[in-house]
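Q: Sequence:
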Amino acid sequence: WWEKSQRARGTGSPRERGRGAPGKMPLYDCMLMVKPLVTKEAIAELVARVAARAYQRNGVVTELKSFGKVHLGYGIRKLDGRHFQV
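Residue numbering for the sequence shown follows this note's numbering, starting at 3 and increasing by one per position.
One or more hints might be untrue.
Below, simulated BS3-like cross-link-like pairs (lysine-lysine); rule was C-alpha separation at most 25 angstroms, straight line [what the hints assert, rightly or not]:
| hint | residue 1 | residue 2 |
| --- | --- | --- |
| 1 | K26 | K80 |
| 2 | K42 | K71 |
| 3 | K37 | K71 |
| 4 | K26 | K71 |
| 5 | K26 | K42 |
| 6 | K26 | K67 |
| 7 | K67 | K37 |
By construction, these hints were calculated from the structure, which means they are not laboratory data.
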């Protein structure tokens with residue numbers, strides 16, 4: 003039902019249009035959170051490394067979006083490096 007409604011309307015973000023289409027991989031999100039003191043150059047280098055890793059594994063980066071500096075609703079106590087959400 004989803005594909006038919008999207009085809010009929012011709013709307014939806016690229017992420018939504020890729021979902022459920024036969025023979026296509028779904029798109030995934032990768033969000034990077036860095037400490038406030040990290041320089042823009044270091045962030046750009048990190049993004050380039052992540053994109054290079056995706057390309058090495060036959061992936062494609064379709065969109066880059068910066069949210070700038072955002073104060074979280076709560077502090078992060080443990081900076082152990084990784085957080086996964088499914």
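Q: What are the numbers of the hints that this structure violates, sorted from low to high?
A: Going through the list in order, the structure violates hints 1, 4, 5 and respects the others.
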